[in-house]
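Each chain is listed here by its residues.
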Amino acid sequence: MFQAWRNLYSKSDNAKAYSLLSPALFLIILVMLIPMALMLSFSSFTQVSMMEIDFTPTVQRYIDFFEKSLLVSLLIKSVKISFIVTLITLLTAYPVCYYIAFYVKKNKMLWLVLLTLPFWTSYLLRVFSWKIILGTKGVFNSTLLGAGIISEPLTFLMYSEEAVIITLTHAWAAFALLPLYVSLEKIDFSYIEAARDLGLSKFEVFWKVTFPLSLPGVIGAILIIFIPTVGDYVTPALIGGTEGRMLSNMIQAYFGKINNIPLGAASATIMLTTVILITAIVSYTTKRLTQRLS
Amino acid sequence: MNEKNNSLLVYTLIYFGFLYIPVLFLPIFSFNDANYMSFPLAGFTTDHYEEMWSKRNLHKALWASVKVGVVASVVSTAIALLAAKAFVRYKFRGQNVSYGAIMMPFLIPEIILAVSILIIWINLGFPLGLVPVTIGHILFCTPFAMLILIARIEGFDFSLEEASRDLGENAWGTFYRVSLPLYLPGIIAALLLSFIISFDEFILAFFLSGSDATLPMYMWNQMRFVKKLPHVLALGAVIIVFTTFIVLLAFWLRNVGQGKEKQDIAIKL
Chain Y
204 MFQAWRNLYS
214 KSDNAKAYSL
224 LSPALFLIIL
234 VMLIPMALML
244 SFSSFTQVSM
254 MEIDFTPTVQ
264 RYIDFFEKSL
274 LVSLLIKSVK
284 ISFIVTLITL
294 LTAYPVCYYI
304 AFYVKKNKML
314 WLVLLTLPFW
324 TSYLLRVFSW
334 KIILGTKGVF
344 NSTLLGAGII
354 SEPLTFLMYS
364 EEAVIITLTH
374 AWAAFALLPL
384 YVSLEKIDFS
394 YIEAARDLGL
404 SKFEVFWKVT
414 FPLSLPGVIG
424 AILIIFIPTV
434 GDYVTPALIG
444 GTEGRMLSNM
454 IQAYFGKINN
464 IPLGAASATI
474 MLTTVILITA
484 IVSYTTKRLT
494 QRLS
Chain D
8 MNEKNNSLLV
18 YTLIYFGFLY
28 IPVLFLPIFS
38 FNDANYMSFP
48 LAGFTTDHYE
58 EMWSKRNLHK
68 ALWASVKVGV
78 VASVVSTAIA
88 LLAAKAFVRY
98 KFRGQNVSYG
108 AIMMPFLIPE
118 IILAVSILII
128 WINLGFPLGL
138 VPVTIGHILF
148 CTPFAMLILI
158 ARIEGFDFSL
168 EEASRDLGEN
178 AWGTFYRVSL
188 PLYLPGIIAA
198 LLLSFIISFD
208 EFILAFFLSG
218 SDATLPMYMW
228 NQMRFVKKLP
238 HVLALGAVII
248 VFTTFIVLLA
258 FWLRNVGQGK
268 EKQDIAIKL
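Respectively, the protein sequence lines represent chains Y and D.
For the first sequence, my numbering gives the first residue as 204, with consecutive numbering after it.
For the second sequence, my numbering gives the first residue as 8, with consecutive numbering after it.
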């Protein structure tokens, strides 16, 4: 019997692969999927008092969410900020990756290391460095004051939506650079040469050949920036003040000092749903776009 | 393309300036003899470093981060190694779904992972602290470690393992004598990079650590007080230098003994 199992096992790639994968899949199920399912069920409960939760299922928390104009406006603001950050990051990072992929010949290794390195440095410190730059007595203000360009510190720099956008653009840039670079680097240069030989202008070559071929990287970059920035907590908390607050800050408050875990769980679920919906829309439209372009 | 494009080169250099300069303010002001971070600089001092060294809570937080980082990186690299081997070695049903599932922690807003682990943990009646932080970090580091290991063992000649089995070595012996030495640079790179991710991770620690601060939590708690900022700057500068060193070491290790072609692929991950 044992021998029979053994033979079956050694013949089946499926069985071998899944026995190697089982620890990773267990981890995902136990530490991510089950906790997320529990979060979903908590969003249907009611916080009665500090320590007490009523477990009768209800959709009231979702109604609560959409009745509180603060929460709805924070959700909209989070999506808006992430959208702007994603757009700015893409537009500014694309030429850099384009340059490294097509023009750099010598020391490519060094450029690649420079491109990858910020990705690994502490996110908290990257955000913190902007507090040093934008603060009332910070680098920016003290330089302008010293140069006599302004006579009083600019207070609007910190604690605003714009400050959050600048900081997020800087902090997440490293994540956009990698997928963009990889997709541009993969492009077979003979396509571009062929397009040129056919008499297309530089501009046409870019829009009809290079850009469509780099779309997988663009989608990758969009998703890799948009998804985490919607749920970002650190930047709005450190840089945003009340003006630049985002939905995550309220979610944290519901789990912390406000202590309304069901409403916090409902807010988190709504955030996740929004992210999934937008991800689906982005992937679908870009897929259609690619088909039309090619 | 053989032409040059100088305007694009200038733009690229400016962009790298934007990427790197803000972070350089941390080390610059950590040697500045003032409590505020403004220009002109007030003079050179190493006081902030001495102050940093004297903080007992910082020592505690450092030790906590090291413990969490070591456990999280070892466990996630072990899990990721098995998974990476499955993806590189076999074609199997449900391959894409499994791959997507394992990469998911990388694609979900971290606050949602943190909040869901928090809910299950407190409802199981367990106390907050370094244990749930470590579990969260294992979840978060595994996809990264797997990407690094897949890049390293892709193109690995599995007939070497088969040859070893045919010559009578058992599974463990084959792993120990054949696979491990060949995987080793990749494994060490995955260990180092997962350690760095865990060491710098903030959100999971923020929700799950309770009163056991990790190093990023310690910095967060100090950042609220203007007077304490200078020694946070010194600490930040040390962390940046340390992180950069480890990451460069990991890059180097990952590329050891690989051809030029392969190096380019490896660094992209």
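Because the hints were derived from the structure by calculation, they are not lab data.
From the three backbone atoms N, C-alpha and C, an ideal C-beta is built for every residue, glycine too.
A few of these clues could be false.
Stated by the list, open to error - One side only, chain D facing chain Y, incomplete, derived with CB under 10 angstroms:
| # | residue |
| --- | --- |
| 1 | ASN12 |
| 2 | LEU16 |
| 3 | TYR18 |
| 4 | MET44 |
| 5 | LEU120 |
| 6 | PHE163 |
| 7 | TYR183 |
| 8 | LEU187 |
| 9 | TYR190 |
| 10 | PHE213 |
The hints, checked one at a time:
no.: 1; hint: ASN12; in the structure: holds (5 angstroms)
no.: 2; hint: LEU16; in the structure: holds (7 angstroms)
no.: 3; hint: TYR18; in the structure: holds (6 angstroms)
no.: 4; hint: MET44; in the structure: holds (5 angstroms)
no.: 5; hint: LEU120; in the structure: holds (7 angstroms)
no.: 6; hint: PHE163; in the structure: violated (14 angstroms)
no.: 7; hint: TYR183; in the structure: violated (17 angstroms)
no.: 8; hint: LEU187; in the structure: violated (15 angstroms)
no.: 9; hint: TYR190; in the structure: violated (14 angstroms)
no.: 10; hint: PHE213; in the structure: holds (8 angstroms)
Going through the hint list in order, the structure does not satisfy hints 6, 7, 8 and 9.
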